[in-house]
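Peer 1: As a plain string of letters, each chain reads:
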Amino acid sequence: MSELVPEPRPKPAVPMKPVSINSNLLGYIGIDTIIEQMRKKTMKTGFDFNIMVVGQSGLGKSTLVNTLFKSQVSRKASSWNREEKIPKTVEIKAIGHVIEEGGVKMKLTVIDTPGFGDQINNENCWEPIEKYINEQYEKFLKEEVNIARKKRIPDTRVHCCLYFISPTGHSLRPLDLEFMKHLSKVVNIIPVIAKADTMTLEEKSEFKQRVRKELEVNGIEFYPQKEFDEDLEDKTENDKIRQESMPFAVVGSDKEYQVNGKRVLGRKTPWGIIEVENLNHCEFALLRDFVIRTHLQDLKEVTHNIHYETYRAKRLNDNGGLPPGEGLLGSVLPPVPATPCPSAE
Amino acid sequence: MARPANLFGTRPLVLCRVRREPDPPPAEALGSTPAGGHVAPIKREGVGARSRCRWPRAKAECECSVALTERRGSPAGVCGERPGAAMAVAVGRPSNEELRNLSLSGHVGFDSLPDQLVNKSTSQGFCFNILCVGETGIGKSTLMDTLFNTKFESDPATHNEPGVRLKARSYELQESNVRLKLTIVDTVGFGDQINKDDSYKPIVEYIDAQFEAYLQEELKIKRSLFNYHDTRIHACLYFIAPTGHSLKSLDLVTMKKLDSKVNIIPIIAKADTIAKNELHKFKSKIMSELVSNGVQIYQFPTDEETVAEINATMSVHLPFAVVGSTEEVKIGNKMAKARQYPWGVVQVENESHCDFVKLREMLIRVNMEDLREQTHARHYELYRRCKLEEMGFKDTDPDSKPFSLQETYEAKRNEFLGELQKKEEEMRQMFVMRVKEKEAELKEAEKELHEKFDLLKRTHQEEKKKVEDKKKELEEEVNNFQKKKAAAQLLQSQAQQSGAQQTKKDKDKKNSPWLCTE
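Listed in order, the protein sequences are those of chains A and B. Just so you know, our numbering puts the end of the first sequence at 371, numbered straight through with nothing missing. Just so you know, our numbering puts the end of the second sequence at 959, numbered straight through with nothing missing.
The hints are simulated quantities; they were obtained by calculation from the structure and are not laboratory data.
Cut-off 16 Å, straight-line C-alpha distance, at most; resulting in silico cross-link-like pairs (EDC-like, lysine to aspartate or glutamate):
no., chain 1, residue 1, chain 2, residue 2
1, A, Lys70, B, Asp556
2, A, Lys207, A, Glu153
3, B, Lys926, B, Glu916
4, A, Lys176, B, Glu822
5, B, Lys561, A, Glu259
6, A, Lys66, B, Glu746
7, B, Lys661, A, Glu335
8, A, Lys70, B, Asp744
9, B, Lys561, A, Asp255
10, A, Lys66, B, Glu745
11, B, Lys608, B, Glu576
Now the in silico label distances, taken between C-beta atoms and shown as ranges:
no., chain 1, residue 1, chain 2, residue 2, range
12, A, Glu263, B, Gly566, 15 to 25 Å
13, A, Lys70, B, Met728, 25 to 35 Å
14, B, Glu750, A, Asn304, 42 to 52 Å
15, B, Leu545, A, Pro296, 30 to 40 Å
Note that CB positions come from ideal geometry on N, CA and C, so glycine has one too.
Build out the structure end to end from the sequences listed, making use of the hints.
Peer 2: Right, dumping it as structure tokens:
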């Protein structure tokens with residue numbers, strides 16, 4: 027019955043495929059000033075960064091975050107009154123700060139997860155975390171779908187999740203594997219070996235190798251994910267990081283000591299001072315450069331373009347039995363002929 | 442239709458919420474879920490009636506220890522616990538007032554973020570789309586060539602176009618490490634027709650079509666916005682003819698239609714036809730006409746200190762009076778772009794001759810990014826809002842209660858499905874009717890055929906009978922004939938016999954002439 031097939035949605039008039047001509051410039055136009063313009067705009071608007079730290083208590087999460095951002099970003103749990111009941115489930119605490127450096131304003135949110143892995147029965151303890159992450163995506167989606175929407179949607183999505191691995195020296199624990207398996211699909215996970223000063227250099231490299239192998243065997247894609255490498259340059263750079271440096275074995279400290287006439291952040295022990303920023307001692311500097319100085323924007327972009335989009339697609343597909351056509355308007359506009367009419371019989 | 446539970450196992454997605462009020466102050470955020478928003482509870486077993494607000498209450502209490510002791514001390518009332526939501530603990534984002542300003546004790550390094558961002562964009566390349574609106578022959582193509590220092594391939598249009606159409610061409614320009622995808626859209630045939638009522642329509646349609654394409658992409662389920670080739674018009678250069686008097690009515694009408702859709706930058710073309718003093722009067726006349734007719738041209742942004750000054754000084758010179766030329770003339774000891782007349786040389790890049798340099802500064806070197814942003818944040822959002830509202834999606838229904846997009850959408854969907862069902866019914870009925878008719882026809886035909894068949898049969902039988910009768914007759918005749926023949930033969934044989942006897946007798950008679958027994 028030919029009448030049942032409606033006429034296809036009229037295509038919006040898009041200009042015909044344009045001819046690309048590579049023109050030789052005879053003089054300076056000034057196109058490259060757009061870089062400067064863009065930079066100025068970013069600096070003016072500032073940006074958001076949300077980092078989540080996950081790990082068992084006492085692994086040094088708060089200390090590390092303080093060291094990363096060189097300020098008292100989170101209060102250490104050790105000052106918590108431990109006589110109180112340990113929370114029976116994982117709590118999510120998000121604390122926001124505004125920091126400024128070099129004219130660039132950053133709204134940093136550190137999301138702490140006290141109680142993770144601390145109970146006797148730790149089944150499904152990653153669920154509150156997953157819920158929280160999805161909630162942030164949900165919030166963003168709602169804002170985006172609004173008809174009259176804000177100029178700049180506040181971004182609370184988790185851009186980066188530092189997962190702290192306990193330095194047993196053996197291998198990953200089942201809890202670690204489970205957590206990373208579930209969450210590597212929704213958020214960028216960066217595994218970090220905590221309290222790395224308990225291992226010697228050989229132990230460290232062996233442990234790292236074992237951890238890497240285990241992660242690979244279990245199919246856990248930590249950040250930087252292989253599949254998102256865009257070009258060869260990125261690939262080689264990221265491969266190097268993936269193969270050699272990750273997971274970063276870090277030591278955190280916010281106390282300063284005098285070493286060789288300089289004041290450095292470190293941990294003082296009877297047998298020496300462990301310098302946090304010394305590459306021979308631990309890999310904190312690498313982590314910091316990786317997360318902040320080179321891949322900060324990339325973390326945000328992967329979160330926005332990939333994790334968020336995946337969430338959105340799934341959400342819109344599941345929502346109220348949306349027809350598997352295109353977008354929210356799939357059923358309001360005449361359906362594409364291939365879509366079967368769901369109501370009919 | 443059963444609403445599937447969403448990811449959180451609670452009420453399904455409310456895709457739209459009430460806008461406009463600013464973030465609730467912390468005190469409110471404690472007691473209730475953020476206005477209109479849907480917040481999923483985090484299951485807390487064993488906490489009991491006392492709900493713990495995971496919300497940092499105020500600035501000074503961000504620290505865990507202080508907050509916890511306080512919270513433990515505070516009764517449920519402060520936290521505004523809702524009995525039904527004993528399990529529900531609001532988790533949301535810190536509102537602005539709770540952000541502490543931290544001072545850094547060392548170099549962290551995130552000031553390289555703008556560089557990271559810029560590097561990303563540089564590797565992807567930028568898009569910039571300019572629309573040139575103006576009469577045929579006013580110098581649009583030449584100006585584009587002059588602005589971008591290249592010769593874009595194009596043939597000059599004739600004046601015989603039956604209507605206005607838009608011609609878009611894309612080019613890839615590269616300067617140092619910046620790649621720019623430049624699209625220049627030309628209006629061919631603008632102002633040439635005798636009846637110019639509809640001249641603006643193709644332009645508006647084109648602009649809307651680009652917004653529509655972007656909107657479609659944005660609304661897709663599987664979308665790829667980050668490598669979408671943006672074709673929305675970022676800047677519209679409106680070329681005003683250098684009459685020296687005022688704006689033409691066509692100009693006013695067109696600009697009025699375009700001002701809410703695109704950033705309009707009016708320029709006076711072929712400015713070397715106007716003398717300096719006339720130019721000043723012309724400019725002020727144009728600006729006052731624009732203002733009095735409520736045409737909103739693009740305002741150069743003055744909110745950022747670095748560009749505020751330059752933008753402010755340049756705005757005074759709007760509309761820019763430009764001269765375009767790709768030919769070079771030797772001036773002094775340099776080659777410069779200019780137009781040579783018998784009475785002198787008009788230099789394009791000389792600020793006292795024309796405003797070309799100002800236009801270039803404003804369009805490219807200072808405000809390109811802002812133009813792109815305005816297009817996206819203002820014009821596109823406006824289009825999107827209108828389009829969605831047109832389709833029946835609303836943020837609030839007539840009673841100002843938040844209208845769930847979901848509900849509207851479902852209502853529409855049901856409506857649509859109902860329509861489809863109706864249509865199907867109709868079709869079904871029509872089909873049935875047709876079948877009936879056909880059946881009736883066929884029956885008729887069958888009847889006729891039967892009749893014919895009967896008739897034929899009868900005729901056939903009659904004929905058969907006739908033929909048989911004839912046959913009988915014939916047979917009878919034949920019989921008779923046979924009989925006669927037989928009789929005749931008998932007679933003949935008798936006759937022969939008797940003849941033989943006769944001849945014998947005759948012979949005898951001959952022999953005995955006195956015996957005659959005849």
